[in-house]
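Each chain, written out:
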Amino acid sequence: MKKKLLIVAVLAALVALVACTAGQSGSSAESGHPALSEQDKLVACRDCHQQTTPKVYQEWFDNTHGLGNVRCFQCHGTFENLKKTPDLLSCNACHADKMGDHRSGMNCWECHSAHSFAAK
Amino acid sequence: MSVSRRDFIKKTAALTAAGYVGMNLPFSATESEAAGVAKWNPGTCRLCGVGCRVEIGTNAAGRPVAARGITKSRTNFGYLCMKGMMFYKIMNHPDRLTKPLYRASKKDKFQEISWDKALDIAAEKFATAKKQYGPDSTAYYGSGQAQTEETYLFQKVMRVALQTNNVEGNPRLCMASAVGGYLTSMGADEPIGSYGDIEKSSVIFLIGSNMASAHPVLFRRVMRHKLNNKDKVTIINADPRVSDTSRVADIHMQFDTNKDLAMMNAMAYTIIEEKLYDKKFIDDYCVFRKGKKVKVDMAEYWKSLQDYSPEKAEKICGGNITAGMIRKVARLFAKSDGTMSFWCMGINQRKRGVWANNLIHNLHMLTGQLCKPGADSFSLTGQPNACGGVREGGGLCHILPGHRLVAKKKLRNQAEDLWGVPRGRLAPKPGYHTIKMFRKVNEGAIKAIWINCTSPAQSLPDCDKYRKGMAREDVFMVCTDIFPTRTTELANLILPTAFHFEKTGVYGCSERRSQLTQKAVAAPGEAKPETWIVTEWGKRLAEKLNDRIALKAVQPFLGKDPDFAQPKAIWDEYTQKLTKHRDNDLRGATYTVLKQMPDGVQWPAPTEKFALTGGTTMKFVKGLDPMATTESKDDKPFQFYGPAHKDRKLWIWLRPQAESGEEPDANYPMYLSTGRVVDHWHTTSMTGRIPEIMRSNPWAYVEVNPKDAQKMGIKPNDMVEIETRRGKVVMPAKVKVGPIEGTVFAYWHDMAEERMINKVLKDTFDPGSKEPEFKICACKIRRVSGPKALKPFIVT
Numbered sequence: 001m002k003k004k005l006l007i008v009a010v011l012a013a014l015v016a017l018v019a020c021t022a023g024q025s026g027s028s029a030e031s032g033h034p035a036l037s038e039q040d041k042l043v044a045c046r047d048c049h050q051q052t053t054p055k056v057y058q059e060w061f062d063n064t065h066g067l068g069n070v071r072c073f074q075c076h077g078t079f080e081n082l083k084k085t086p087d088l089l090s091c092n093a094c095h096a097d098k099m100g101d102h103r104s105g106m107n108c109w110e111c112h113s114a115h116s117f118a119a120k
Numbered sequence: 001m002s003v004s005r006r007d008f009i010k011k012t013a014a015l016t017a018a019g020y021v022g023m024n025l026p027f028s029a030t031e032s033e034a035a036g037v038a039k040w041n042p043g044t045c046r047l048c049g050v051g052c053r054v055e056i057g058t059n060a061a062g063r064p065v066a067a068r069g070i071t072k073s074r075t076n077f078g079y080l081c082m083k084g085m086m087f088y089k090i091m092n093h094p095d096r097l098t099k100p101l102y103r104a105s106k107k108d109k110f111q112e113i114s115w116d117k118a119l120d121i122a123a124e125k126f127a128t129a130k131k132q133y134g135p136d137s138t139a140y141y142g143s144g145q146a147q148t149e150e151t152y153l154f155q156k157v158m159r160v161a162l163q164t165n166n167v168e169g170n171p172r173l174c175m176a177s178a179v180g181g182y183l184t185s186m187g188a189d190e191p192i193g194s195y196g197d198i199e200k201s202s203v204i205f206l207i208g209s210n211m212a213s214a215h216p217v218l219f220r221r222v223m224r225h226k227l228n229n230k231d232k233v234t235i236i237n238a239d240p241r242v243s244d245t246s247r248v249a250d251i252h253m254q255f256d257t258n259k260d261l262a263m264m265n266a267m268a269y270t271i272i273e274e275k276l277y278d279k280k281f282i283d284d285y286c287v288f289r290k291g292k293k294v295k296v297d298m299a300e301y302w303k304s305l306q307d308y309s310p311e312k313a314e315k316i317c318g319g320n321i322t323a324g325m326i327r328k329v330a331r332l333f334a335k336s337d338g339t340m341s342f343w344c345m346g347i348n349q350r351k352r353g354v355w356a357n358n359l360i361h362n363l364h365m366l367t368g369q370l371c372k373p374g375a376d377s378f379s380l381t382g383q384p385n386a387c388g389g390v391r392e393g394g395g396l397c398h399i400l401p402g403h404r405l406v407a408k409k410k411l412r413n414q415a416e417d418l419w420g421v422p423r424g425r426l427a428p429k430p431g432y433h434t435i436k437m438f439r440k441v442n443e444g445a446i447k448a449i450w451i452n453c454t455s456p457a458q459s460l461p462d463c464d465k466y467r468k469g470m471a472r473e474d475v476f477m478v479c480t481d482i483f484p485t486r487t488t489e490l491a492n493l494i495l496p497t498a499f500h501f502e503k504t505g506v507y508g509c510s511e512r513r514s515q516l517t518q519k520a521v522a523a524p525g526e527a528k529p530e531t532w533i534v535t536e537w538g539k540r541l542a543e544k545l546n547d548r549i550a551l552k553a554v555q556p557f558l559g560k561d562p563d564f565a566q567p568k569a570i571w572d573e574y575t576q577k578l579t580k581h582r583d584n585d586l587r588g589a590t591y592t593v594l595k596q597m598p599d600g601v602q603w604p605a606p607t608e609k610f611a612l613t614g615g616t617t618m619k620f621v622k623g624l625d626p627m628a629t630t631e632s633k634d635d636k637p638f639q640f641y642g643p644a645h646k647d648r649k650l651w652i653w654l655r656p657q658a659e660s661g662e663e664p665d666a667n668y669p670m671y672l673s674t675g676r677v678v679d680h681w682h683t684t685s686m687t688g689r690i691p692e693i694m695r696s697n698p699w700a701y702v703e704v705n706p707k708d709a710q711k712m713g714i715k716p717n718d719m720v721e722i723e724t725r726r727g728k729v730v731m732p733a734k735v736k737v738g739p740i741e742g743t744v745f746a747y748w749h750d751m752a753e754e755r756m757i758n759k760v761l762k763d764t765f766d767p768g769s770k771e772p773e774f775k776i777c778a779c780k781i782r783r784v785s786g787p788k789a790l791k792p793f794i795v796t
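Sequence order for the protein chains is A and B. Residues in the first sequence are numbered from 1 upward in steps of one, following the numbering used here. Residues in the second sequence are numbered from 1 upward in steps of one, following the numbering used here.
Pair ranges (Cβ atoms, derived):
no., chain 1, residue 1, chain 2, residue 2, range
1, B, Gly623, A, Cys111, 41 to 47 angstroms
2, A, Ala114, B, Pro94, 34 to 40 angstroms
3, B, Arg331, A, Ala114, 41 to 47 angstroms
4, B, Lys335, A, Asp62, 27 to 33 angstroms
5, A, Thr64, B, Gly623, 33 to 39 angstroms
6, A, Lys55, B, Ala522, 43 to 49 angstroms
Residues of chain B clear of chain A, computed beta-carbon distances all greater than 12 angstroms:
no., residue
7, Ser105
8, Gln306
9, Ala445
10, Asp635
11, Arg726
Below, computed lysine-lysine pairings styled on DSS-like, alpha-carbon distance capped at 27 angstroms:
no., chain 1, residue 1, chain 2, residue 2
12, B, Lys72, B, Lys372
13, A, Lys55, B, Lys226
14, A, Lys98, B, Lys72
15, B, Lys226, B, Lys200
16, B, Lys734, A, Lys55
17, B, Lys200, A, Lys98
18, B, Lys39, A, Lys98
19, A, Lys98, B, Lys595
20, B, Lys715, A, Lys55
21, B, Lys609, B, Lys636
22, B, Lys280, B, Lys622
23, B, Lys636, B, Lys622
24, B, Lys409, B, Lys292
25, B, Lys226, A, Lys98
26, B, Lys232, B, Lys372
Hint data in this document are derived by calculation from the structure and do not stem from the laboratory. Predicted, not measured: the structure shown is a model, and the values here were computed from it. Note that CB positions come from ideal geometry on N, CA and C, so glycine has one too.
Extracted from the complex, chain B is given alone in its bound form:
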């Protein structure tokens, strides 16, 4: 029986008109239809790691009024999610930052100042910190949403001018464990195959990924592949939480939180027990390891798996996992014509995230489900340019551009030579990784920090602890951003930047694909592209430091047009010099080529001629990857030439089941996990300003399993307190068969103080990758009240 909307609203409660604060609409909602599109401007979406190509429609006045997908693009074939469809709406939002803002003391109000003054202050503060407290008293914390040109230039200034490797960014929070996994298992970062393998696969193994919400347009390809081949394609979703992704799955493997390492070891056990492995692939390309320098044989590997027979794993894993299910899935995985695995934060954001990555790779190596059509071990990346800008462009404390390790003198010297600075100029020690960096901020050891295009005050685990450091009067903090955030609230200097499509630059998505977005819209007010900001800052910094060599960081780019010539010059330096003969060789992906391609170029692409074919769809395979031929050492068809494995082998790792950083106990008896919803992007500073999206998901919820809800008397929309050893938050409940019994799942996007879930998370991190364990900590929950009227909230 249907009910009226009014009746329904009364039932859902939480809905009185009292106290509601209206959202700031970006512009008249009918403008797009009325204005008409005069020009379509191609570029890449910036609201996840898929790399969808999108065109922004501008009207005769040059204002953005519409968006559409680019149908010729091999990433999205024209499809967009709601974020890609609507992000243009924030470009003219009245909350945009349009003038530099400064306050000497964090107790003062911000005052508008000129760019000249703002850049002088920033240069003075960083130069003074270096001179008085040493290079490591300065730091940069960037973003997987910054363009490659921006990340590259920031890290170059930090390293060449300030002589510190304190270069980090939010990708440390999302994919550092995937980097660690690829390097330790395959000797080279980033996936071997491409999205195009989805349509060639027979089995898709999804683990720790709610792809339907976090990568919706790529999920559409998985969904379409399944719907088109219902009897030929099997989808397996392994996750303690039943999610939107589970709707297309043939098998949902629901294990107790944190028990997936045992489950994957049990699949490997079955593969060996039933001789489902590819002996020739293993003999030709693989070795077994239990330490970086400890090689073992297959017999010892088999011995290590004896704790994980399917029957033993059934007991460890709980949930719906049975020995029969493990065997069935292992057989499907091994026997299919092509098995493709996808994972994301459920694997990476873990205390043993690198191990979890290794165990997925192990399954592919054992079964030879690599380097062939429809087979790959594919890490999904969260952000649009975490791969291209940060992983490849030198945006982390231990790496220089072109996948060079800071710690390797030979590789440092290469960078010094290519940048024209004396050998020895670059600091030999890696900088502070993210958590350590903000601990140093808390200690007051970092005196000047530049936060670019991200909001660590909200996105760090246990963020209240780190907000205290950012609020210190003796820590000078610059923020470059387009909107006010929880982090700009703590800054001394806020610099307004041009948004995507208001500047020119390259993004590199999950599948090694670099794509150009050119300026199509004028930035509002005095907002400037980051390349201009950093170039001008770098020039002043060299003056304040009285250091001729420091100037070399920005000298080649000074005075160039920031809308095109400047980012082009930066891209040219990076690709032609720093990626030459590296595994991410991008010399062929020039702006000239990228402008011609509807969907960019996949590296390696050493020449323009090859780049114009689209680049390398599958790494390491002769005939597909030009470097597999130029780097070839034998007559085998696959050449694993990655920089981290001198033996050119794939390493199958012995990795045991391991505890998380904080297991439930008598005081905190439940697991707390966190994640995204489809509508919102990260901390909602952008999507929270799109009325359609904010109304669809106006605040965070906590999902509670119906059995847990019944035990605790929690009903839908009741207000629930989540308490951990770090503190408490309160948010409404969704009672649903989502998380497994004993685990609650909270949405992390909400920036309202009372609902900001990262305040209560633990900052445990993986000892290898240093990626924090956002996915697991211990908590207790209790019903606080029935439904309440809530307000959506964004910092303004």
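Only chain A is shown next, with the shape it has when bound in the complex:
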């Protein structure tokens, strides 16, 4: 009897979990980003992060990427391919000439502060 109750309880918990996460994807386990519904994902990254990470937003907005309309997703991707730390491939799209002649083994942001891109 106890075994039956345990099975029912586990199944109920699974159903509840599925119900709670319905319509949500991009889980934190995969991308490091809190899970969002498909509708939530239609808020532009910059609009949300202006509120949630204002310092990062301001660094971006006040510097060349912000002035030049380089958007968050160009470096960090979107929910299915989100990278908190961008892949160098995305830097390569605009800065291919800098990829070869800089110090090998180092990432761009180790010398150029992320988001503001001022030399450290």
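On the provided structure of chain A, position chain B as indicated by the hints.
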């Protein structure tokens, strides 16, 4: 204080999970990283008029998996915007059109058919229309995104085989007024200088251009020039709307909508009043005109400016414009070592777009800010090949290839001789310009129309009116495209085409630069390059017409490899024959040369040797432009040899302030203006299929000035109805210091019926250029509700 994302989302509202329809992801988002790039393939971006050079990375299987800018290119130096970075993602999209689709009646569903059958039907319908209703019952409506080879071939078939000049395209909607401006002011189309003048300039005057959104990679050069020379370079942005471009401006001139003609006349007033003009430049190169045949002197010009003293203009212009600001800007403009002006749709898409263009040119002519490093009067073009393909290749109803006017018998005869058809074969009258063409569709006078690579059902002003014509059962409509659009919904025959990088051809960007893109990726399914489609159609058309001469349109290209030999043969015919000794002489820009150049060739480039230097960076200047020497008539350093001014002079025009086609009144008290956002391209059939981009800008907004919003009780994200005499649309509001008080600004890319702003625009057009006035009409707005959950939408 920061807030959690969840809290923020709750605050922004409009965000419930209900009713959301997911976007069709093009492919696994991790494919690019996983697959690796086996080969980089050079070409040109097709998502604006800058002409950025870009390489598409293909993996071992030949699939596109990455993109990067070409650092040696003098257009973009390796930089790309999000559209250039990501357009490769749509190439394998499951929505791609891959088979010819046909329905005899527009009430029926489309059925897949073979290419043979599809081409036979297209030939039969156009041939029948010509035979039964005459040549002008047929029409072609093309695109500034078609390659030059494609536009050239389409117009040749229309003119030689069908004997109509009903050849138009979407460039009529975006740069026809710039063409009119250059021809009437300078006698020759397209800018004198180059992008390279940006870095040599001291003053940059931006007017009617949100360059940061519409030409972002060129804007980066302006921004970088300013940041590198903060105290030496002055940026002036003149626009009724404060935009992203204003962020780098030292001075933002915000005038009431449509008052810029007065403002520029006031700057000219100051230049003369304070003797800031370049007398020698004017004496040597300029004349004053108030009509094509009415020459006046400087005294009469000065008299015409008396209505525009800075004090009078201050009252006319409103906004933040003061007499002091006008004088200050006029002095900066005139006295700088090099002043460069840029403009785009804010000037061109106006009832008096040509006049507005003339008034910018006037300022440069008066001050001699032309033909020297860092100085130019530079019209930005919206599309990647509006200049190269349509303006130069004969893609409008009044022009033949090589900047030849249809109406000039001598020039028609030249084309007839070069094409090997009898003199008199080409129709002597220009065809219908775009608005007239679609009015003729509405009337049922056009019986067969071919729409290539564009979506007029969404992009025309007052588009619902014209959709009725396109939906007529007695109008046979062919669409060549890569994705379903609002226009393919109305077609009888849809032909799937190869996308950019899936075929070979040339684009010519804003700075007279022609650049080659070679096929690097296989087109999906049965999609074909347009050159093949038109060649095969042309052959069948000649058979149905039983017309030997009609075949000459395509005969030189039949049977050639459509991936390279065929477009090369078309390019060779066009450049070697049709541009020879014309002002856009491209004989040196052969495929052999273009393949060697990281960034193509700027015309004039009469020889391969000269083309290999990059071509002409500044027209009309001896030592820089070879034609300035070969066409020289005197010992002066500048030779304005353009075809439209026999006197070889620059014409300074007397142009008054003028009303728009529909001014606000008691019933419709506000101005409605429209434009782009940085993320999206035109009607979103491409960018709407890139998840990153669609999520960044999933639907259209209307920007409302905070003062207007307060008066009407509109808060951010509230749903707002925009009503004009044509109808109503509803979209969410952005309340921001963007448009000036009394004007609202709506984004035009959205193809959702309820938000499609072009439905409510007026189809007024410039009497000279025939370009519609997308930028201005009268409207009223009202708050409909608070925020609502919305769906992004694309036609599938």
